[in-house]
Amino acid sequence: MYPKNTWYVAATPDEIDEKPLGRTICDEKIVFYRPAAGQVAALEDFCPHRGAALSLGQVCEGKLVCGYHGLAMGCDGKTISMPGQRVQGFPKIRSYPVVEKYGFIWVWPGDAQLADESKIHHLEWAVSGDWAYAGGLYHVACDYRLMIDNLMDLTHETYVHTTSIGQKEIDETPVATKSEGDHVVTSRFMNNVMPPPFWKANLRGNGLADDVPVDRWQVCHFHPPSHVMIEVGVAHAGKGGYDADAKDKVYSIVVDFLTPETETSMWYFWGMARNFNVKDKALTAQIKEGQAKVFAEDTVVLEEQQRNLLRHPTRKLLMLNIDAGGVQSRRIIDRMLAAERPSPVVA
Amino acid sequence: MYPKNTWYVAATPDEIDEKPLGRTICDEKIVFYRPAAGQVAALEDFCPHRGAALSLGQVCEGKLVCGYHGLAMGCDGKTISMPGQRVQGFPKIRSYPVVEKYGFIWVWPGDAQLADESKIHHLEWAVSGDWAYAGGLYHVACDYRLMIDNLMDLTHETYVHTTSIGQKEIDETPVATKSEGDHVVTSRFMNNVMPPPFWKANLRGNGLADDVPVDRWQVCHFHPPSHVMIEVGVAHAGKGGYDADAKDKVYSIVVDFLTPETETSMWYFWGMARNFNVKDKALTAQIKEGQAKVFAEDTVVLEEQQRNLLRHPTRKLLMLNIDAGGVQSRRIIDRMLAAERPSPVVA
Amino acid sequence: MYPKNTWYVAATPDEIDEKPLGRTICDEKIVFYRPAAGQVAALEDFCPHRGAALSLGQVCEGKLVCGYHGLAMGCDGKTISMPGQRVQGFPKIRSYPVVEKYGFIWVWPGDAQLADESKIHHLEWAVSGDWAYAGGLYHVACDYRLMIDNLMDLTHETYVHTTSIGQKEIDETPVATKSEGDHVVTSRFMNNVMPPPFWKANLRGNGLADDVPVDRWQVCHFHPPSHVMIEVGVAHAGKGGYDADAKDKVYSIVVDFLTPETETSMWYFWGMARNFNVKDKALTAQIKEGQAKVFAEDTVVLEEQQRNLLRHPTRKLLMLNIDAGGVQSRRIIDRMLAAERPSPVVA
Numbered sequence: 023m024y025p026k027n028t029w030y031v032a033a034t035p036d037e038i039d040e041k042p043l044g045r046t047i048c049d050e051k052i053v054f055y056r057p058a059a060g061q062v063a064a065l066e067d068f069c070p071h072r073g074a075a076l077s078l079g080q081v082c083e084g085k086l087v088c089g090y091h092g093l094a095m096g097c098d099g100k101t102i103s104m105p106g107q108r109v110q111g112f113p114k115i116r117s118y119p120v121v122e123k124y125g126f127i128w129v130w131p132g133d134a135q136l137a138d139e140s141k142i143h144h145l146e147w148a149v150s151g152d153w154a155y156a157g158g159l160y161h162v163a164c165d166y167r168l169m170i171d172n173l174m175d176l177t178h179e180t181y182v183h184t185t186s187i188g189q190k191e192i193d194e195t196p197v198a199t200k201s202e203g204d205h206v207v208t209s210r211f212m213n214n215v216m217p218p219p220f221w222k223a224n225l226r227g228n229g230l231a232d233d234v235p236v237d238r239w240q241v242c243h244f245h246p247p248s249h250v251m252i253e254v255g256v257a258h259a260g261k262g263g264y265d266a267d268a269k270d271k272v273y274s275i276v277v278d279f280l281t282p283e284t285e286t287s288m289w290y291f292w293g294m295a296r297n298f299n300v301k302d303k304a305l306t307a308q309i310k311e312g313q314a315k316v317f318a319e320d321t322v323v324l325e326e327q328q329r330n331l332l333r334h335p336t337r338k339l340l341m342l343n344i345d346a347g348g349v350q351s352r353r354i355i356d357r358m359l360a361a362e363r364p365s366p367v368v369a
Numbered sequence: 023m024y025p026k027n028t029w030y031v032a033a034t035p036d037e038i039d040e041k042p043l044g045r046t047i048c049d050e051k052i053v054f055y056r057p058a059a060g061q062v063a064a065l066e067d068f069c070p071h072r073g074a075a076l077s078l079g080q081v082c083e084g085k086l087v088c089g090y091h092g093l094a095m096g097c098d099g100k101t102i103s104m105p106g107q108r109v110q111g112f113p114k115i116r117s118y119p120v121v122e123k124y125g126f127i128w129v130w131p132g133d134a135q136l137a138d139e140s141k142i143h144h145l146e147w148a149v150s151g152d153w154a155y156a157g158g159l160y161h162v163a164c165d166y167r168l169m170i171d172n173l174m175d176l177t178h179e180t181y182v183h184t185t186s187i188g189q190k191e192i193d194e195t196p197v198a199t200k201s202e203g204d205h206v207v208t209s210r211f212m213n214n215v216m217p218p219p220f221w222k223a224n225l226r227g228n229g230l231a232d233d234v235p236v237d238r239w240q241v242c243h244f245h246p247p248s249h250v251m252i253e254v255g256v257a258h259a260g261k262g263g264y265d266a267d268a269k270d271k272v273y274s275i276v277v278d279f280l281t282p283e284t285e286t287s288m289w290y291f292w293g294m295a296r297n298f299n300v301k302d303k304a305l306t307a308q309i310k311e312g313q314a315k316v317f318a319e320d321t322v323v324l325e326e327q328q329r330n331l332l333r334h335p336t337r338k339l340l341m342l343n344i345d346a347g348g349v350q351s352r353r354i355i356d357r358m359l360a361a362e363r364p365s366p367v368v369a
Numbered sequence: 023m024y025p026k027n028t029w030y031v032a033a034t035p036d037e038i039d040e041k042p043l044g045r046t047i048c049d050e051k052i053v054f055y056r057p058a059a060g061q062v063a064a065l066e067d068f069c070p071h072r073g074a075a076l077s078l079g080q081v082c083e084g085k086l087v088c089g090y091h092g093l094a095m096g097c098d099g100k101t102i103s104m105p106g107q108r109v110q111g112f113p114k115i116r117s118y119p120v121v122e123k124y125g126f127i128w129v130w131p132g133d134a135q136l137a138d139e140s141k142i143h144h145l146e147w148a149v150s151g152d153w154a155y156a157g158g159l160y161h162v163a164c165d166y167r168l169m170i171d172n173l174m175d176l177t178h179e180t181y182v183h184t185t186s187i188g189q190k191e192i193d194e195t196p197v198a199t200k201s202e203g204d205h206v207v208t209s210r211f212m213n214n215v216m217p218p219p220f221w222k223a224n225l226r227g228n229g230l231a232d233d234v235p236v237d238r239w240q241v242c243h244f245h246p247p248s249h250v251m252i253e254v255g256v257a258h259a260g261k262g263g264y265d266a267d268a269k270d271k272v273y274s275i276v277v278d279f280l281t282p283e284t285e286t287s288m289w290y291f292w293g294m295a296r297n298f299n300v301k302d303k304a305l306t307a308q309i310k311e312g313q314a315k316v317f318a319e320d321t322v323v324l325e326e327q328q329r330n331l332l333r334h335p336t337r338k339l340l341m342l343n344i345d346a347g348g349v350q351s352r353r354i355i356d357r358m359l360a361a362e363r364p365s366p367v368v369a
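Residue numbers (this note's numbering), protein chains in the order written: chain A, 23 to 369; chain B, 23 to 369; chain C, 23 to 369.
Hints are supplied without guarantee of correctness; some may be wrong.
Pairs count within a copy or across copies, as identical chains cannot be separated in the list.
Said to hold, decoys possible - Pairs of lysine-lysine, DSS-like flavour, derived with a Cα cap of 27 Å:
1) K100 - K301
2) K338 - K51
3) K85 - K338
4) K114 - K269
5) K200 - K41
6) K100 - K338
7) K85 - K190
8) K338 - K222
9) K114 - K315
10) K41 - K190
Calculated directly from the structure, the hints in this document are not laboratory data.
Can you build the whole structure from these sequences, using the hints too?
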């Protein structure tokens with residue numbers, strides 16, 4: 023169950039720079055390509071001639087040319103030409119609203135009439151020179167909502183990520199959850215704790231002592247349909263924590279775009295934006311490598327969880343205080359789903 | 023949907039020389055073996071004792087001996103003996119008409135009463151010393167009829183086989199399709215064009231200049247149930263093209279036996295017969311290697327096409343002039359299928 | 023179809039020494055773990071909080087701690103604690119009777135009320151210092167009853183294990199089958215035959231001449247639900263065979279615990295216990311390696327047989343005299359299955 027009248031991250035720009043990309047989003051098999059440098063188009067991945075996958079073709083003078091018989095397709099889903107054929111009567115294929123913004127390719131898999139680029143919420147870290155970003159993509163065999171649960175409750179770090187970001191104090195510290203409109207925030211502040219390995223490395227990466235107590239914070243933001251941005255950081259203890267001076271803290275945003283592929287699989291665009299030492303490319307690479315390992319640990323847990331839920335489809339799960347972030351986020355998704363359902367006809 | 027009262031290529035002789043071969047043809051799981059040198063038999067791959075696969079057994083003194091408990095099976099599907107057992111009452115298993123001819127093992131998966139070896143159409147290149155042949159086998163996850171479409175319309179060479187046999191002039195040249203009884207012919211003649219890489223190599227292979235314009239032809243022959251023989255060649259331009267003297271041309275027959283495995287998978291016996299330089303084994307090997315690469319390109323396209331068609335089972339495809347060869351071939355198959363259906367009972 | 027109110031071998035002790043083990047037995051996904059050294063527990067592999075697999079967690083101070091959010095589970099399926107939570111109202115998960123005995127972990131996947139450790143039948147070779155044992159585990163994609171058939175009729179050795187334990191005399195010698203209560207015995211005695219390679223090696227391993235005729239025996243014992251112990255051995259011919267003095271024979275017990283995973287897959291715990299040269303670890307390793315190869319030959323045959331039976335679900339199989347061991351064993355299983363069915367309600 024996923025809303026379709028919304029923007030999802032579909033790809034990173036490099037994935038379509040060289041050739042078309044076929045990818046299933048919300049059970050729609052879509053081909054993404056660049057009609058020209060800096061442009062992007064998204065079409066049903068189905069040639070109207072004989073059903074070949076257009077994603078196996080190539081872009082030629084702005085047209086997507088089918089790799090089977092050379093049908094040349096336009097960005098609007100109308101066939102432009104085909105060798106030796108009149109194409110006026112060819113059936114149109116579906117085109118999808120698609121935008122390149124903030125370093126990602128975004129697609130709107132639902133009703134194109136409703137697509138509105140301004141609905142993509144602002145990502146300051148993606149446009150400001152004060153930030154460095156790197157990330158990756160995982161295919162995960164689970165409902166994307168299990169990943170929302172996971173990210174809106176970082177209690178799991180203590181257990182899933184024992185050797186990197188987990189620490190005992192996380193689940194000893196209560197979490198606060200609040201909702202404002204379509205924005206859910208889960209926050210946890212741990213004061214005067216020793217930094218775990220990941221943060222030690224980041225402290226060093228920012229030229230700060232790593233062997234002293236810190237104030238640590240995690241502030242998870244859910245935005246529909248399935249984007250979770252997590253402010254994470256540590257400051258030397260007693261310097262103001264979250265509000266400490268830049269010189270006393272290291273601070274990042276964990277970036278998570280969760281895009282449904284099917285009901286039980288998803289594309290996980292993960293990454294991290296930081297605003298310290300932003301020109302240090304070695305540090306960027308090192309953080310990305312570390313994050314890749316940490317986030318792979320989650321996928322193992324979630325895929326097993328998905329299998330368990332499929333095996334016991336009717337069993338009720340618990341909704342504890344730590345689950346409130348996921349629960350409230352799912353409520354927003356449920357509202358979106360309800361809004362997409364056709365109104366019942368009144369007799 | 024495939025006719026069953028017909029001959030299909032089931033295997034190449036070398037596949038059964040050493041030991042029995044289990045292979046599914048038209049959804050029938052069959053074991054092929056040699057009761058004696060030069061002979062061939064085909065049985066249901068199911069031991070009447072406990073259902074073991076007879077193809078895991080071995081041939082011993084003309085009998086197919088089950089690899090589980092030693093039941094010895096005859097070519098007619100009757101158990102001959104079993105250690106310590108009386109076998110008279112053992113149920114018979116099905117035997118299939120099977121023939122070795124033209125360098126292939128042919129099987130008739132339908133009603134054995136109707137099998138008639140003379141219905142295998144003559145293959146001159148397979149019996150004449152003037153020809154050399156080599157080929158291979160691919161398993162392809164698509165309806166065999168998608169491969170018929172592919173082979174009866176070579177327009178796709180321009181797009182699928184860009185680096186070997188494709189050239190722009192193919193789809194600039196109109197194709198002619200005609201049907202005579204159960205024989206469909208699609209032909210295309212391209213005059214005064216430069217030979218593509220594959221034909222340059224063949225021209226050199228036959229001692230002809232490869233840097234001059236040629237007249238090129240493609241004549242595709244469909245014979246039921248699913249055999250496509252394609253006459254392909256080039257002659258130095260202006261020497262008579264298809265009808266040029268042997269010394270001025272290189273000429274081959276692309277051999278395609280398409281054997282259904284299931285509704286959505288097939289065995290693709292592909293090869294090439296040539297009548298120039300027939301004793302040059304290095305050339306034979308080189309052509310086979312080149313063809314293997316070219317034909318692998320098709321399988322990628324067709325498997326994706328099959329997935330797309332399964333995803334959209336009711337969507338209508340276009341039938342253009344270039345598709346006429348496939349369309350007319352499928353009509354012949356449809357007639358065969360209709361003939362196999364039991365007559366409706368008239369009240 | 024498998025009885026559930028019975029003991030099955032679920033694992034070997036080493037599989038749970040380091041960390042919990044998730045394994046499906048009779049379609050129940052179970053986590054096995056050691057609450058303390060020498061203890062064993064078995065629970066539904068499903069965390070009551072959010073459905074995570076408990077088998078991904080770890081044991082901490084006797085509790086199975088979920089690897090997702092730290093819920094601490096007790097051996098009885100009741101949650102003991104969870105960081106920051108009151109757990110009294112948490113739903114209980116299922117616990118399974120489980121025992122470590124005779125070098126194996128045994129589980130009772132059915133009604134726990136009926137579990138009775140004394141129903142595990144005695145295994146002398148597992149407790150006596152006169153015996154050495156080694157074995158392994160295979161996952162086999164077949165109904166466990168096909169493996170019972172296989173083991174209760176060793177005629178197949180001649181055909182499946184031609185290079186190790188098979189020999190022509192096996193199926194030239196009649197087999198005797200008898201049933202006593204829930205115990206089925208199939209026996210075959212071959213006198214004055216040459217030992218096959220496996221037995222030659224064992225004769226040498228016990229310091230006996232290997233190039234002389236032997237009396238060979240195979241006595242297969244079925245015990246419910248699916249345990250087959252096979253007494254196998256050879257004695258120098260004329261020394262008394264099965265009853266010969268220890269100095270004139272080599273004698274082993276082939277150990278087979280067949281545990282259903284699903285209707286069409288199983289866990290095959292195989293091994294061999296011998297009472298000669300029991301301290302020779304190199305011999306133990308060599309026998310295990312040889313047996314691993316021999317038993318892998320069976321899995322190929324049985325997995326193909328299973329595929330054939332699924333393809334022809336209604337076809338009747340033969341039940342010959344050699345099949346009597348399997349047939350009688352299956353009758354015992356059928357009785358157990360009938361006993362587990364709820365009584366029909368009489369109106």
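Hints versus structure:
For the identical chains of this complex, K100 and K301 are neighbours neither inside a copy (45 Å) nor across copies (52 Å), given an alpha-carbon limit of 27 Å. For the identical chains of this complex, K338 and K51 are inter-copy neighbours only, at 18 Å across copies versus 33 Å inside a copy, given an alpha-carbon limit of 27 Å. Proximity of K85 to K338 under the C-alpha cut-off of 27 Å is restricted to the inter-copy arrangement: shortest distance 23 Å between copies versus 51 Å within a copy. In this assembly of identical chains, the alpha carbons of K114 and K269 never lie at most 27 Å apart, being 58 Å within a copy and 50 Å across copies at closest.
Proximity of K200 to K41 under the C-alpha cut-off of 27 Å is found in neither arrangement, the shortest distances being 43 Å within a copy and 38 Å between copies. Taking the shortest alpha-carbon separations for K100 and K338, only the inter-copy value of 16 Å comes in at or below 27 Å, while the best intra-copy value is 48 Å. Taking the shortest alpha-carbon separations for K85 and K190, only the inter-copy value of 17 Å comes in at or below 27 Å, while the best intra-copy value is 56 Å. With identical chains, the CA atoms of K338 and K222 are never at most 27 Å apart, being 40 Å at best within one copy and 61 Å at best between copies.
Proximity of K114 to K315 under the C-alpha cut-off of 27 Å is found in neither arrangement, the shortest distances being 44 Å within a copy and 34 Å between copies. In this homomeric assembly, K41 and K190 come within 27 Å of each other (Cα to Cα) only across copies, at 21 Å, whereas the closest approach inside a single copy is 47 Å.
Hint compliance for this structure: hints 1, 4, 5, 8 and 9 are broken, all remaining hints hold.
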